[in-house]
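Protein chains in written order, with this note's numbering: chain C, 1 to 344; chain X, 1 to 344; chain E, 1 to 344; chain D, 1 to 344.
Keep in mind that the hints were calculated from the coordinates and are not lab data. Keep in mind the model is a prediction, meaning the values are calculated, not measured. Accuracy of the hints is not assured; some may be wrong.
Just so you know, same-sequence chains aren't split out, so a pair can sit in one copy or run between any two.
What the hints assert, rightly or not - Derived BS3-like pairs (lysine-lysine); straight-line CA-CA distance at most 27 Å:
no.: 1; residue 1: Lys254; residue 2: Lys54
no.: 2; residue 1: Lys121; residue 2: Lys88
no.: 3; residue 1: Lys37; residue 2: Lys344
no.: 4; residue 1: Lys54; residue 2: Lys139
no.: 5; residue 1: Lys254; residue 2: Lys45
no.: 6; residue 1: Lys139; residue 2: Lys57
no.: 7; residue 1: Lys226; residue 2: Lys139
no.: 8; residue 1: Lys54; residue 2: Lys20
no.: 9; residue 1: Lys197; residue 2: Lys328
no.: 10; residue 1: Lys197; residue 2: Lys57
no.: 11; residue 1: Lys45; residue 2: Lys344
no.: 12; residue 1: Lys201; residue 2: Lys54
no.: 13; residue 1: Lys69; residue 2: Lys17
no.: 14; residue 1: Lys197; residue 2: Lys54
no.: 15; residue 1: Lys344; residue 2: Lys254
no.: 16; residue 1: Lys204; residue 2: Lys54
no.: 17; residue 1: Lys45; residue 2: Lys318
no.: 18; residue 1: Lys261; residue 2: Lys226
There are 4 protein chains.
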Amino acid sequence: MTQLRTLREIERIFRKKLKKKQLLWVDGSAEHGFTTKKNRDIFRKVLLIPRVLKEIKKINIEKDFFGQKISSPILICPMGGLTQFNKKAEILISKSSEITETPYFFPDNSAYSLREIYNKKKKFLQCYLHLDTDLDFIKMRLEQADKYNCRTIGINVDSPIRPISYNKMDTGYDSRNYVLRLPGYYKRRKLDPLNWKTLEKIRKLTTKPIILKGILSVEDALIATKTGVNSIWISNHGGRVLESDLTSIEQLPKIKRGVKKNIKIIVDGGIRTGSDVIKCLSLGADYIAIGRPIIQGLVADSQLGVTKVLHLFMDEIKVALRLCGFQKISDLSSSNIINNINEK
Amino acid sequence: MTQLRTLREIERIFRKKLKKKQLLWVDGSAEHGFTTKKNRDIFRKVLLIPRVLKEIKKINIEKDFFGQKISSPILICPMGGLTQFNKKAEILISKSSEITETPYFFPDNSAYSLREIYNKKKKFLQCYLHLDTDLDFIKMRLEQADKYNCRTIGINVDSPIRPISYNKMDTGYDSRNYVLRLPGYYKRRKLDPLNWKTLEKIRKLTTKPIILKGILSVEDALIATKTGVNSIWISNHGGRVLESDLTSIEQLPKIKRGVKKNIKIIVDGGIRTGSDVIKCLSLGADYIAIGRPIIQGLVADSQLGVTKVLHLFMDEIKVALRLCGFQKISDLSSSNIINNINEK
Amino acid sequence: MTQLRTLREIERIFRKKLKKKQLLWVDGSAEHGFTTKKNRDIFRKVLLIPRVLKEIKKINIEKDFFGQKISSPILICPMGGLTQFNKKAEILISKSSEITETPYFFPDNSAYSLREIYNKKKKFLQCYLHLDTDLDFIKMRLEQADKYNCRTIGINVDSPIRPISYNKMDTGYDSRNYVLRLPGYYKRRKLDPLNWKTLEKIRKLTTKPIILKGILSVEDALIATKTGVNSIWISNHGGRVLESDLTSIEQLPKIKRGVKKNIKIIVDGGIRTGSDVIKCLSLGADYIAIGRPIIQGLVADSQLGVTKVLHLFMDEIKVALRLCGFQKISDLSSSNIINNINEK
Amino acid sequence: MTQLRTLREIERIFRKKLKKKQLLWVDGSAEHGFTTKKNRDIFRKVLLIPRVLKEIKKINIEKDFFGQKISSPILICPMGGLTQFNKKAEILISKSSEITETPYFFPDNSAYSLREIYNKKKKFLQCYLHLDTDLDFIKMRLEQADKYNCRTIGINVDSPIRPISYNKMDTGYDSRNYVLRLPGYYKRRKLDPLNWKTLEKIRKLTTKPIILKGILSVEDALIATKTGVNSIWISNHGGRVLESDLTSIEQLPKIKRGVKKNIKIIVDGGIRTGSDVIKCLSLGADYIAIGRPIIQGLVADSQLGVTKVLHLFMDEIKVALRLCGFQKISDLSSSNIINNINEK
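Whole structure, please, built from the sequences with the hints as guidance.
In structure tokens, the structure reads:
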């Protein structure tokens, strides 16, 4: 086994192990993938200002996540279809999540059910739902979230329609043929996609924190907070849904300025290193979510790989935080960056 | 037969099937081709703002085209010399145009005559004329447009002189040697190129909508509307005429602001995906015209390929429209984009 | 003999014919060559606005050059060391200059003397001098300019010291070993380089138009005009002298605005096509000088190649001028371009 | 032995001689190395304005360095771990430093001790210290600086923690296994890293000039000057410490404006040619430090290579200075550049 020394090394091994069609699935992105690429490139426009000679005793990157202590601002994105790479994918990821004290948004388009993933000791399991306007179904899902002790309810809002992804469509590789079994999600008859009205009803059905994943517009962020959601997850879905050329990082400061202070901001998209994380936090994010790096760890070395990815992220965050002259996440603000993104 | 799954796949097959010299002819562009390349690149500067959780019943991308319902905002560009690729090129394109309910600007530099393309059932045939100052000839062409039931009169305005195209000139490949037969257009003795004065006379000779194709300057757009034309077709001719480094997308908002609301704006140049189309419409275009993708479909799979290209475009437009949170084309406006083009 | 169809084709043949070391000599540029590359890239920032349907009878690109009619705004740059490629290099270039009615700045670091190049019929020979503070030598050179009927006196001002050129130095290729014979210029003992004071004296010694070649700063342009020179030749010497990252095109509008209207502005650097020329003229240049394309023509096909390069340039200028909607050079102005160069 | 003609040639030979793992160590940079690359690219945004026909007698690039005449504004960076390339690395570099009259910051993480490097004739030896809060150790080091006649005290401030460097970590190449012997620096028990309070004490312990190396923020520069340091060394450590995407060149004018005139500004990062040096000086730097070019010279040709690098730099500086129209370093100012860096 090659040693997994860095996040770059893990990605290299992942690229070596997978077949081209599988890689194109993971790299799957809307149309030609310009948005996915921009997710990475945009970080070059946010500059960190290092500070020196500060008296720093102990670096602490812990955070509170809706009442629970977590070991870093990192969250694990919901990701479907992973049993094509490892028959126990979600089970292993959930174990790493617990070991590393990192919230995991377990998606209902998994090959496993929430019941199968669950055990009593788990503290970091979040549920992530693809909902429509069927209130009976919604109630059933919320009850499960209660039963299986999910701290928060993540809700998908950015995928009401099958996207155009050349990388995935051109190869004719249908991941559904390779997963362990098709999730119930796929079997359900499609009703009208979820909308704001139904969301208002959902808000009344649960007291758990609601997190809306997939928001990019300031207007939607404002509507969401009026509807009473607790957290906005800024995301372009890894560039997989719409070739919008619009990144989370560009919208983050605008949304942060727009919403009330008690609304937690999660951000994802192209975050691959510790300095990326520090930049997001400085721009106003409360939490950072990672997706593809988790798959890379899973493919590179199964559960150990996932755990390694999370530990490496934490190490990198600590180093970058220290070099910016801070000892805790809450010290970060827009004053320790130069934001060269042209804001319109 | 490889399956034609996406527009990217169709372009790939097209590039595989043609010889280098033929490809260079299709890719033919003024001088070194920087303008043709910029036609694609400029779309990265226009960002779509996706909207979520809107209540959307049915996506409708139909449009009215001068009194006729068409199935999408897509138009088929006039293209000459296509019988070098398929002996029945224009006949097949016209059939696809009817099947998909997409207007086709049939060029008078085709190997076929309007009479040969025409049949009584056709509803989407438009004529596209290369005119000079010979009024007798003009009258004859306008009478044909009446006789063969063309709904609009497209007029070429951007090619009064043979352009400098290294891709075409360097190979010494003269498409005229490979077409089915030389169109009458080439045989005519050259008079003075068309000018505004003659256009004024043309305006008086027909009540059909007149569309001027090949305008980039705001001044020309204004003169055109004063002359009484019904539509401005903003185009740099696919970058094939002048290495101007100026794209339609850059000029579109300026021209839209300049002309009266009843003037229909058509735009072309580098539009290859659904998100490109939605960007153009948001910037103010009424219709979007495509050229090279039609050739790609024709080469990849004859009439079926052309039809497939048009259907794929419609699918992609629907998906992008839906992900922007809208259910019909007329909902789009500049408020759903961020325009990062530096406007001078 | 391959047919020389375009300027791009001629460059391709030139690159095929020369050895690597020779190519590196021609491509020779200060330090790493970023400035030479920028000379080309900067044209992408100047956009031409094409105009349509104008009534244009006859395209005329002739110019007056200090009292003499020349067939286009093109001038031939002085270039030393060319007999390494063709034993009769300057003689052939001068012949092409006469045939095409294009001024040729014959450099005194040529393997030939002005006397050898001269014949009575020549009308387009200009002299180009490398001077120091030795007034006797200066007088002798000015007398030769009179005797051999040079219409203007070009004076080198940007090369007072041997530049740092990695392309030339790394190969150890010393062109001086390969030229027909070393010009007198190299044999002279080096005095103090020319300065403004000496230039004032030169101004009093001749009534011929004086052209200063190699100016980039607005301040120097102003000093030059106060000294009574007739023309400013804006140039970074093809990027061969200083890795300044500053191009002629960037400085052209500033210098044009700064100097009096009677001062003729020549510009060179990276001008390779008709659209490049039209852009320079629109930005305020009176004449455009080309260097490397002449060498390319010479290598590709001797005198015929040089003539071909000049004719192709003229053709391309006519086409680009026509497509901008004009029939003569003097119609061009900053109103037919969009200048996206960031001016500081 | 290939002739070392230029700095580019020396880098080429260096790249040829080293093994991949060694090269990756030298090219080692924080995370993916975007910052290291930007160190080079940023120079394209600073344009030199050449001036002509000035009367210049003798080019003089000498400087005063805290009371001592040095032959150019060049300083030699402290660099650890060099005995992996040459067993006598620091000894040879110090000899070249003396021969070329260039200050050398001898690092205490060298395989040699200051005593071993020292001899009585040396005039250009500076010491460079990695300090913590242990005052006894600090006093001992300062005494050594006195004893071995170091003119200035350089202090590392930007590396309080082991950085994340994929280039170095992925190969598993640990330079510590290949150096002659481990420096005492590595053996010391790690205390709290140096901080501003301890620096205040250091200031009282020595009258020698104190130079803080590794400052990028304007705030830190101001604190430093209040603490009584004599010189600010602006540096991102060659991009090796933090993937900040922030370069010295971007911060240089801001820091220069912020601090008092008597504070000497040193700058490093990506400086590879004479024009780079002139740009830095014009932006406000007093001295320019080079690191990797010294290693390149060392690997290419041992002590002769190091000396050659320094001499080539001096030659290039002279040429660039002359072409900007100046005869001494102090003539340079922001008025001879166009600074296109977007300042926020």
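I'd like to know which numbered hints this structure contradicts. Please list them from smallest to largest. The structure conflicts with hints 8, 13, although it agrees with all the remaining ones.
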